[in-house]
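With the hints as extra help, turn the sequences into a complete structure.
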Amino acid sequence: MAIYRSHVLVCGGTPCLLKGARTIRDLFQQEIDRYQMTDEIRVVETGCLGPCDEGPVVIIYPEGVMYSRLQPADVPKIVENHLYKGRVVEELIYKEGKAGREQSGPPGVTLEGEKYLDRQKRVVLRNCGRINPDSIEEYIANHGYKALGKALTELRPEEVVQMVIDSKLQGRGGAGFPTGLKWSFTAKTQADRKYIVCNADEGEPGTFKDRLIMEGDPHSIIEGMAIAGYAVGAEEGIIYIRGEYQLSIERMARAIRQANQYGLLGKDIFGSGFNFQIQIRSGAGAYICGEETALLESLEGNRGEPRVKPPYPGVAGLWGKPTVVNNVETLANIAPIILNGPAWFRSIGTESCPGTKVFTMLGDINNQGLIEVPMGITLREIVYEIGGGIPGGKGFKMAQTGGTSGGCLPMEYLDLPMDYDTLAKAGSALGSGAMLIIDDTHCIVDVLKNFMRFFCHESCGKCTPCREGNPRLYEILTALSAGTATQAQIQLMKDLARTMQLTALCGLGQSAPNSLMTCLRFYADEIAEHLNGECPTGVCKSLATKSEAV
Amino acid sequence: MKSLADLEKIREEARRMTELREEKEQTKVIIGMGTCGIAAGARETMKAILEEINKRNLTGVTLTPTGCLGLCEQEPIVEVDIPGQPRIIYGKVTPEKARQIVAKHIVNNNIIGEWVIGRK
Chain A
1 MAIYRSHVLV CGGTPCLLKG ARTIRDLFQQ EIDRYQMTDE IRVVETGCLG PCDEGPVVII
61 YPEGVMYSRL QPADVPKIVE NHLYKGRVVE ELIYKEGKAG REQSGPPGVT LEGEKYLDRQ
121 KRVVLRNCGR INPDSIEEYI ANHGYKALGK ALTELRPEEV VQMVIDSKLQ GRGGAGFPTG
181 LKWSFTAKTQ ADRKYIVCNA DEGEPGTFKD RLIMEGDPHS IIEGMAIAGY AVGAEEGIIY
241 IRGEYQLSIE RMARAIRQAN QYGLLGKDIF GSGFNFQIQI RSGAGAYICG EETALLESLE
301 GNRGEPRVKP PYPGVAGLWG KPTVVNNVET LANIAPIILN GPAWFRSIGT ESCPGTKVFT
361 MLGDINNQGL IEVPMGITLR EIVYEIGGGI PGGKGFKMAQ TGGTSGGCLP MEYLDLPMDY
421 DTLAKAGSAL GSGAMLIIDD THCIVDVLKN FMRFFCHESC GKCTPCREGN PRLYEILTAL
481 SAGTATQAQI QLMKDLARTM QLTALCGLGQ SAPNSLMTCL RFYADEIAEH LNGECPTGVC
541 KSLATKSEAV
Chain B
551 MKSLADLEKI REEARRMTEL REEKEQTKVI IGMGTCGIAA GARETMKAIL EEINKRNLTG
611 VTLTPTGCLG LCEQEPIVEV DIPGQPRIIY GKVTPEKARQ IVAKHIVNNN IIGEWVIGRK
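Residue numbers (the working numbering), protein chains in the order written: chain A, 1 to 550; chain B, 551 to 670.
These are calculated hints, taken from the structure and not from any lab test. In this text the structure is predicted, and so the values were computed from the model without any measurement. Possibly wrong hints are sitting among the right ones.
Unchecked claim - Subject to a maximum C-alpha distance of 27 Å in a straight line, what follows is the list of computed DSSO-like cross-link-like pairs (lysine-lysine): (1) B:574 with A:85; (2) B:559 with A:146; (3) A:146 with B:552; (4) B:670 with B:574.
What the hints assert, rightly or not - Computed beta-carbon distance windows for the label pairs: (5) B:556 with A:467: 53 to 59 Å; (6) B:556 with A:427: 47 to 53 Å; (7) A:38 with B:585: 20 to 26 Å; (8) B:657 with A:263: 34 to 40 Å.
As the list claims (entries may be wrong) - On the chain B side, residues computed to face chain A include the following (Cβ under 8 Å): (9) 560; (10) 566; (11) 612.
The beta carbon of each residue, even a glycine, is placed where N, CA and C say it ideally should be.
As structure tokens, then:
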């Protein structure tokens with residue numbers, strides 16, 4: 001393995017690839033060859049670095065200079081000036097300039113250097129944008145598989161479960177169920193076979209964190225799954241990835257092959273007698289299959305519909321066997337917890353919700369992309385500091401947290417700490433980590449209509465509250481935007497939403513009215529104006545805008 | 551993979567590849583790569599240093615080009631910055647001299663006084 005004097009890290013996350021990162025990567029290699037620097041400079045494709053809106057993004061080490069929004073014509077400039085002559089190309093540098101760089105040492109230290117990154121804390125994304133995801137060696141170089149080695153050679157399975165319980169890690173898929181507790185159910189259940197299923201069906205609109213974690217650091221998922229397998233006594237793992245995530249599937253598959261070659265998967269791992277295998281299944285794009293029991297149905301080859309619970313998957317899951325179903329981000333947290341200990345993990349974030357959360361910021365916000373921040377950070381910090389505020393000088397109207405099944409938070413909640421408990425109390429949900437920012441030119445009724453249309457489409461139809469409830473809610477919202485709704489219908493909407501929350505079979509139907517419920521509470525005035533035939537923002541075309549009405 | 555020691559062995563080897571992406575106190579070798587430097591043969595000097603780093607399996611050393619220092623007639627100029635020590639600037643560094651700078655100064659911490667043109 002030769003040492004190079006410089007590394008050019010080209011972001012190979014899907015957002016950057018769509019903006020032509022592969023062309024940029026190839027051009028770098030071509031220009032470097034042309035300058036005869038092939039033996040001096042290495043071009044590496046990495047996972048997502050975060051500022052997806054600024055793609056294609058490139059970081060050059062050892063200087064740690066980040067260039068953004070690169071066009072093919074920029075590449076020869078950078079190669080000639082920066083790489084050949086040692087002069088940084090100032091005009092192409094991303095924002096304040098220096099990319100955040102981690103301190104060396106164990107994973108989970110703060111990125112420093114500039115605004116977008118220095119408010120972040122990278123545990124899950126510790127390797128994203130820093131290593132080549134197709135290289136198991138680079139993962140190992142950054143303490144990869146050490147946690148698995150430690151677990152298998154130094155800890156008993158029950159000690160591993162206890163560590164995860166002590167860490168207070170909560171499931172990062174949306175529901176926030178304590179991961180250690182989930183593992184303990186499966187660990188306690190006797191069975192000839194058990195399974196670890198990684199839920200990578202990420203269907204929540206606006207959420208793309210799992211995709212970028214898998215693309216950027218696939219081995220962290222494998223390591224997390226193997227540790228989970230050892231802890232609960234499972235020898236088989238399945239990653240259920242949505243079919244649209246072709247690059248995730250490709251990189252996960254390659255990572256699994258490499259882990260097998262190194263004996264980090266397979267038989268007698270670390271000489272401990274523990275065997276573990278992982279296979280990939282791809283989903284067909286149904287939102288419902290992100291619900292864990294529907295996912296298991298889909299894995300068994302059936303129509304993706306949720307099961308009646310209990311029994312929960314931890315006791316009777318895939319093929320009726322005890323099954324741990326964990327989200328991608330949850331699994332990516334496991335190795336750092338084992339390596340650094342539960343107390344270290346609890347020192348990050350808030351007391352009841354420790355650790356970090358990966359968010360995908362999108363909508364009306366300047367810095368769209370992927371961020372990882374400690375739990376308990378306020379919405380204001382996310383929107384105005386990390387997110388860079390709202391474009392076009394417009395005002396903040398609301399943030400929808402947790403994707404379409406989450407809830408909406410108005411201006412008054414900007415200082416709310418973002419964690420599972422606090423958001424649940426506010427009637428919203430931290431959920432999957434989507435952070436949709438909506439500015440004040442949008443109409444609440446119109447936005448809600450969009451959300452409800454999504455649920456009408458994605459409801460699987462198994463239970464009545466969800467199958468019938470969603471279209472009725474959509475109808476009333478349509479009537480509101482057309483100016484034909486009545487006060488009684490608003491009450492009907494509330495009753496219906498409440499009924500769905502209480503009686504729907506699975507999380508989809510139970511959480512479908514979340515956004516509606518929060519908006520009925522926080523934007524009652526705007527909804528009342530619609531009843532009076534006015535749409536203050538002028539979005540609902542059949543209604544008068546306020547100024548016209550006056 | 552039979553033990554943690556096996557893993558550590560791979561890690562040590564692999565870490566050399568990614569080390570320059572870590573932020574830590576590293577020995578910096580900086581080479582003037584302005585037009586003057588390139589014309590005076592700084593490219594060959596740089597290659598010689600990189601070869602030497604590779605040959606000796608050195609870790610914790612970064613090698614970066616920089617613009618003209620203003621002492622064009624002293625090119626190729628090589629600056630060695632070892633953390634906690636004054637920065638030493640060498641002038642007229644041929645590939646052969648460069649290899650000796652790596653061996654004597656960077657590896658054994660002996661400054662080669664006669665080639666030094668400046669200290670910071």
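Results of checking the hints against the structure:
For the hint linking residue 574 of chain B to residue 85 of chain A, the alpha-carbon distance of about 24 Å falls within 27 Å, and the restraint holds. In summary, the hint linking residue 559 of chain B to residue 146 of chain A is supported, as the alpha carbons are separated by about 12 Å, within the 27 Å threshold. Between the alpha carbons of residue 146 of chain A and residue 552 of chain B the distance comes to roughly 12 Å, so the proposed pair stays at or under 27 Å and holds. Note on residue 670 of chain B and residue 574 of chain B: the hinted pairing holds, with a Cα-Cα distance of about 21 Å set against a maximum of 27 Å.
Look at residue 556 of chain B against residue 467 of chain A: about 55 Å separates their beta carbons, and that is inside 53 to 59 Å. At roughly 52 Å, the beta-carbon separation of residue 556 of chain B and residue 427 of chain A lies within the given 47 to 53 Å, and the hint holds. Distance hint check for residue 38 of chain A and residue 585 of chain B: the Cβ-Cβ separation is about 22 Å, which falls inside the suggested range of 20 to 26 Å. Distance hint check for residue 657 of chain B and residue 263 of chain A: the Cβ-Cβ separation is about 36 Å, which falls inside the suggested range of 34 to 40 Å.
With its C-beta approaching chain A no nearer than about 5 Å, residue 560 of chain B sits inside the 8 Å limit, and its interface hint holds. For residue 566 of chain B, the interface hint holds, the least distance from its beta-carbon to any beta-carbon of chain A being 6 Å, beneath 8 Å. With a cut of 8 Å, the hint placing residue 612 of chain B at the interface with chain A holds, because the nearest CB-to-CB distance is about 4 Å.
Violated hints for the displayed structure: none, as all numbered hints are satisfied.
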